[in-house]
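**Student:** Letter by letter, the chains look like this.
Number of protein chains: 2
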Amino acid sequence: MFRRTRVHDFPRINPVRLLDDLKTLRSFGANGPGVVRLSLSPVDMEARRWLAGRMTDAGLDATIDGVGTVFGRSRKPGPALVIGSHTDTQPTGGWLDGALGVIYGLEIARALDECAATRDFAIDVASWIDEEGTFSSFLGSRSFVGDAIDASLQHARNRDGVLLGDALAQAGMANVPRVVLDRARQRAYLEPHIEQGGRLEASGKSIGVVTTIVGIREFQLCFTGQRNHAGTTPMSIRRDAGAALVAFIARVDAAFGRLADADTVWTVGRIDLDPGSFSVVPGKADMYLQFRDGKPERLHAMESALAALVDEWNVQHAVQVELMPCDGPEEPVVMDTTLQQHIAQAAEAVAPGQWIHMPSGASHDAQVIAHHIPACMLFVPSIGGVSHDSIEDTAEAHIVLGCEVAARAAAGIVEALRVRFDG
Amino acid sequence: MFRRTRVHDFPRINPVRLLDDLKTLRSFGANGPGVVRLSLSPVDMEARRWLAGRMTDAGLDATIDGVGTVFGRSRKPGPALVIGSHTDTQPTGGWLDGALGVIYGLEIARALDECAATRDFAIDVASWIDEEGTFSSFLGSRSFVGDAIDASLQHARNRDGVLLGDALAQAGMANVPRVVLDRARQRAYLEPHIEQGGRLEASGKSIGVVTTIVGIREFQLCFTGQRNHAGTTPMSIRRDAGAALVAFIARVDAAFGRLADADTVWTVGRIDLDPGSFSVVPGKADMYLQFRDGKPERLHAMESALAALVDEWNVQHAVQVELMPCDGPEEPVVMDTTLQQHIAQAAEAVAPGQWIHMPSGASHDAQVIAHHIPACMLFVPSIGGVSHDSIEDTAEAHIVLGCEVAARAAAGIVEALRVRFDG
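In the order they appear, the protein sequences are chains B and U.
Going by my numbering, the first sequence runs without a break in its numbering and finishes at 423.
Going by my numbering, the second sequence runs without a break in its numbering and finishes at 1423.
A couple of the hints might just be wrong.
Stated by the list, open to error - Simulated crosslink set (EDC-like; lysine to aspartate or glutamate; CA at most 16 Å straight-line):
| id | chain 1 | residue 1 | chain 2 | residue 2 |
| --- | --- | --- | --- | --- |
| 1 | U | LYS1284 | B | GLU396 |
| 2 | B | LYS284 | U | ASP1389 |
| 3 | U | LYS1284 | B | GLU348 |
| 4 | B | LYS284 | U | ASP1272 |
Everything labelled a hint here was simulated from the structure, so no lab data went into it.
All values reported here derive from a predicted model rather than from experimental measurement.
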């Protein structure tokens, strides 16, 4: 358990150094206020080489591994806490999504090294490749924990059709070894991240202690009716696939509304009517439905409700609907409760009353790593709840506060690991 | 008025010649069972030259005019009935949409010429260019009646970006004169056409006497909400433009349902959610709404209801909607009632009880010409109500029957015109 050390022995982060590194990283792929730094692109590789250099400056043994992950291994003996996130971005991304957690890790490694009480604490720092899925989501963290990535290496392509394997070869990593989890040494994982939502801001809090990364289900629903002339086909004999889709959404909303709690979300993100013109009654219509929740049993109930709606619809209507799962389901991942306590105690010490427990509605590398070692996440507020957009931002005061809390939590976590390790 | 002539004096069409000509025309641009014959394309021009040749064979003075309309002028003195339609097709069109009416005109000109009682009757035959709007809808009929087409000639482009003026020059028609309506001679217009809908088939009838070509309104409705992460944004604080659009459609359906009669139609043909992905709450959503009715007062009531729904919505909701008219409104066009009677009497004589009065839900050249001379339309059934599709078809028995009715109607119309002319 976390043992309180004396106040003057706490590691102190350097806010100027932290912000300078974040802003330098922002310059690689800067695009207005945002950043375009797609995995393995030339500018992404430039940023990775810069990051490896900063890790080396911090006294870490830095490497860019065989999939592109930048890993800074502490020279100190274990047990080690891994702090990481990602430095690749969305096609038009913001400057903090991922970058924040990586630079926090770098700053925390430096800060602990500069503090007498924590000088021997091992902090390994990671920037996992391709969290955003330019080629294959969570490629770096999946590779690190030993998940099978051969299919990704052979078949994954980016939007331009470039194969992942070719992109890695192009970036000079064809025969570079991959960093893999050393379970004897690396005993816990911390991923600081921007919230990417508006809960902290709405509640006036500064720190989120993540309880769960929610599970996700994605379905395509394809409606098949009869394409017809929009002028000559009376309403009474139409089989309008688009009208069916719209009516079906109302049923989904009603059914999910009955099952949901305040954290449940569902989204129709895309609708395609075929052929998609003023004068043609749509013969086909597709919708893309995603829902997320932190409780596996609620996700299953929602899946069952959706399947029942489809069956019911097809009995009642001439326009038929087919339900097709997209991607594998992502199950909710609970964050390690002991690590959550470390973050909560650090937050309460640094910013009393200014933190909350909350789920992560977004996916993160932590959900991959949590299946192998205890993992936790810390959130800082996103201004306006905006993310995956060039205007994504966080107040500098929150950036600094979040790193202070994370540093204190990291110290506590490693201290507890060392007690257990030695014990 | 129509005076009944003796039975043996009726013009008799030649079914084999009629079907042969239709099938030969089908061979220009044949594409499976359908036809691809876009206005002014090489194959369209080939078909036009063939058609002009068939008109010449029929004793008509045939010309391809300065916009591409094929016009076969009878050498007989007026008054003349113009029978026409179009031989251009949709990008993937059927074989009868337009072609039927043009070949009916050709066959009727021949049949009347071969009948002692109608030998002196003048039938002019037209294939108006570009009814389907490859460059500019109804170009040929608009040019014929003297509507301004200069803007079309200068600015209209096809999907490949080719200017209409360039396409005409390319087809050798840069300095060819245009055929224009001779009001002293051309006193009525008949356009036979496939129904392009399923009413005749559903009612078991063979001939439709068109009462009105319905009016059309087209609107784009743009919903503006807040784009957000679909995982991290609670339902309670979302401003989902797509969800707003779906809810709005239900209101439109309810409001239009209260105003509609059995012939009123409305269609949401296209929906775009932005950015259109599983994981993003749509920040913008567009829908394209068209409605059609034969009564101007109902179209106005629907427009008013739609505007009221928009105002009401914007007061009630954070997601705002903007209503934007697309293209000019098309007002309903009533077919000449005397000409309708001629068709009805001919139908009753040839196929007693096998005809109905009905509106045309689709647009036709007749709506352009009806503003200048009395115009009427006759429909034959479309199998399965299908049109604007390669499988568009009509039973041969219906093709032949429709031409018999049209020929008898044409004889009656010209006879009546001649009585008035002489009188």
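**Student:** Going back to the hint list, which numbers does this structure go against?
**Tutor:** The structure breaks hints 1, 3; every other hint is satisfied.
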